[in-house]
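A.B. asks: Each chain, written out:
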Amino acid sequence: MIDITISQSILAVVSCKPDRMGNGAVPVFLAQSTEEVQHFSATLANILDGMAHELEPETVIVVRHS
Amino acid sequence: MIEKMMRLDLYTWAVIIGVMAGFVTRLLMLRTDYRHYPTYPHGHVMHLSLGLIAAGMGAVAVPALLDRNYTAITFLALAAQQFREVRNMERETMSKLDQMELVPRGSSYIEGIAMVFEGRNYLVIFSSFITSLVVVISHRWYGGVIAGLVMILVAARLRTGKVLREIAEIRLGNLRWEGANLFVDDIHLMNVGLKGDRERIERHGVGVVVRPLNDVSVVTLANLGQRQAILHDVSATLGVYRDTGDAGLVPIAKRKLEDGRLGILVLPHEKDEQKVIDAVARVPVLESAIRMPMEARHRNTASGGRGLS
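Read top to bottom, the protein sequences are chains A and B. First residue of the first sequence? That's 1 in the working numbering, and the numbers climb one at a time after it. First residue of the second sequence? That's 1001 in the working numbering, and the numbers climb one at a time after it.
These are computed hints drawn from the structure, not numbers from a lab. Heads up, the beta-carbon is just placed ideally off N, CA and C, and yes, glycines get one too. Mixed in with the good hints there might be a few duds.
[What the hints assert, rightly or not] Ranges between beta-carbon positions, derived for each pair:
#1 A:L48 to B:L1224: 21 to 27 angstroms
#2 B:G1161 to A:E56: 34 to 40 angstroms
#3 B:E1101 to A:E58: 33 to 39 angstroms
#4 B:I1290 to A:P18: 52 to 58 angstroms
#5 A:L55 to B:D1185: 55 to 61 angstroms
#6 B:S1095 to A:L55: 19 to 25 angstroms
#7 A:L48 to B:F1075: 28 to 34 angstroms
#8 A:I47 to B:L1224: 28 to 34 angstroms
#9 A:E58 to B:R1084: 55 to 61 angstroms
Just need the whole structure built from these sequences, with the hints factored in.
C.D. replies: What follows is the structure, given as structure tokens:
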């Protein structure tokens, strides 16, 4: 297994505030509600092996720390 | 001829008692606990046989030197080389094993353990050397037995390092949330984005606050290796509620910059707060983490009381 990790980087952004999102290199997932934000970010955190951090209740980022 | 026999006999005694004293010293210093790699039978055999070799070296050196066989000292140097090799081996193996740990030891802890392995062999050489020297000087085999016992006691004293309890006050902290931010008392630990993770931390997490007792221990507790050692030890003794992919459930230790207190979140498998406190209190203070700022002259005038709030 080749072990390539990108550390300390934002892997994904999940939000239900589309007007606050700019154009960036990070995938943005738009959700309909804060419940969906939680659901999406939990799944993404699991898949990407990253940790979810809350910027505000409507926006969660998934970050890889190691 | 008889005189020669007597001398030979004395030297034989010196070697026998010296080796025995050294071996018993190593046996006493062989502790099997969660810290060690590798623990059972093979680890024991490995360390005891190395201890026996070390004891032999120390014991034989005295008669050899007294016989003006000064090349004997080069063998001691050779032994030192070998034991340093052992330390490298321990370090490498433990570093590799560390990658498979849910809460790794960290390189400072590994270095500390490797250092102890090497140091113990030197203690064995020292104790058998002194014992065998006493036998030769006192011309009595039981003189050596007494010296051996004293050396064993000295070694037993030397092997014990400090534990965290001696440099800091450890008590339970109150885990609380400010939005998504997790605090233990007033120390910010981390931001947890997922509600599920927050609930699990509330159910399984235990908050601990470690308050350094003086200026020196403030610096020791600030060391990242020391903090990792605390997290590893607690996780190793009490188990850890965590798996791969659960990046949100991570034991963490953060420092309050104002006074040097440590806020710790651990996720023991079995939530017993008293056991957590005991486990933290028993964490060894890493040699590599100890700094002595008070020994430096310019710090003597610095205000005391930091960390005593």
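A.B. asks: Decide, hint by hint, whether the structure agrees.
C.D. replies: Results of checking the hints against the structure:
no.: 1; hint: A:L48 to B:L1224: 21 to 27 angstroms; in the structure: 26 angstroms, holds
no.: 2; hint: B:G1161 to A:E56: 34 to 40 angstroms; in the structure: 47 angstroms, violated
no.: 3; hint: B:E1101 to A:E58: 33 to 39 angstroms; in the structure: 37 angstroms, holds
no.: 4; hint: B:I1290 to A:P18: 52 to 58 angstroms; in the structure: 54 angstroms, holds
no.: 5; hint: A:L55 to B:D1185: 55 to 61 angstroms; in the structure: 25 angstroms, violated
no.: 6; hint: B:S1095 to A:L55: 19 to 25 angstroms; in the structure: 37 angstroms, violated
no.: 7; hint: A:L48 to B:F1075: 28 to 34 angstroms; in the structure: 57 angstroms, violated
no.: 8; hint: A:I47 to B:L1224: 28 to 34 angstroms; in the structure: 29 angstroms, holds
no.: 9; hint: A:E58 to B:R1084: 55 to 61 angstroms; in the structure: 58 angstroms, holds
Checked against the numbered hints above, the structure violates hints 2, 5, 6, 7; every other hint is satisfied.
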